[in-house]
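Engineer: Whenever a hint applies, use it, and build me the whole structure from the sequences.
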Amino acid sequence: MQFLAILALAASMGLVVATPHVAEPVPAAHGGNDEAVITTESGCGSTGPLAPGNFYIWYIIRSCTPGARMTCQATDRLGCVPGSITHINSMEVDDPNDTFNIAKQYNTNTLPFICPESGSVRCQVDFKENTDGPNYSLRASRYVPSAGWNR
Numbered sequence: 672m673q674f675l676a677i678l679a680l681a682a683s684m685g686l687v688v689a690t691p692h693v694a695e696p697v698p699a700a701h702g703g704n705d706e707a708v709i710t711t712e713s714g715c716g717s718t719g720p721l722a723p724g725n726f727y728i729w730y731i732i733r734s735c736t737p738g739a740r741m742t743c744q745a746t747d748r749l750g751c752v753p754g755s756i757t758h759i760n761s762m763e764v765d766d767p768n769d770t771f772n773i774a775k776q777y778n779t780n781t782l783p784f785i786c787p788e789s790g791s792v793r794c795q796v797d798f799k800e801n802t803d804g805p806n807y808s809l810r811a812s813r814y815v816p817s818a819g820w821n822r
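Note that the sequence shown covers residues 672 to 822 in the working numbering.
It is worth saying that the hints were derived from the structure and are not from the lab.
It is possible that part of the hints are untrue.
Using C-beta positions, here's what the derived DEER-type ranges look like [claimed, not checked]:
id, residue 1, residue 2, range
1, 725, 769, 27 to 33 Å
2, 703, 775, 24 to 30 Å
3, 725, 768, 25 to 31 Å
4, 805, 781, 27 to 33 Å
5, 734, 714, 19 to 25 Å
Cβ coordinates follow ideal geometry from the N, Cα and C atoms, glycine included.
Structural biologist: In structure tokens:
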């Protein structure tokens with residue numbers, strides 16, 4: 672009898688059932704002119720490490736909410752910490768539908784941008800040497816100043 676009373680009380684209070692969060696898959700990283708494609712998550716929503724192959728340029732294509740504040744970031748090979756800028760020539764973000772350049776900066780590992788109306792971006796890192804990729808991963812993330820990174 673007590674069990675039924677407790678069950679009735681829990682039901683009347685609107686008992687919330689927790690459901691596990693299903694993480695979205697990381698976007699594929701493309702090396703060179705698509706000679707290499709990587710789909711592994713290195714950590715924290717990053718795709719990588721950026722290997723095999725010796726390519727100067729690696730990029731990912733990511734959907735986003737138009738007007739959202741985002742960052743394109745080259746991380747360390749584990750995917751959670753910004754990578755060393757020593758080996759990075761530039762970071763670039765463009766609209767993959769028309770290659771309209773949204774943002775570009777040299778000697779940086781993090782490039783802020785606003786998601787375009789198309790709702791899709793290409794986040795690209797251009798390395799100084801074609802052998803630098805294996806030490807890095809790549810991600811495009813929504814940035815929430817008070818909470819930090821959020822895929």
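Engineer: Looking at the structure, which of the earlier hints fail to hold?
Structural biologist: 2, 4
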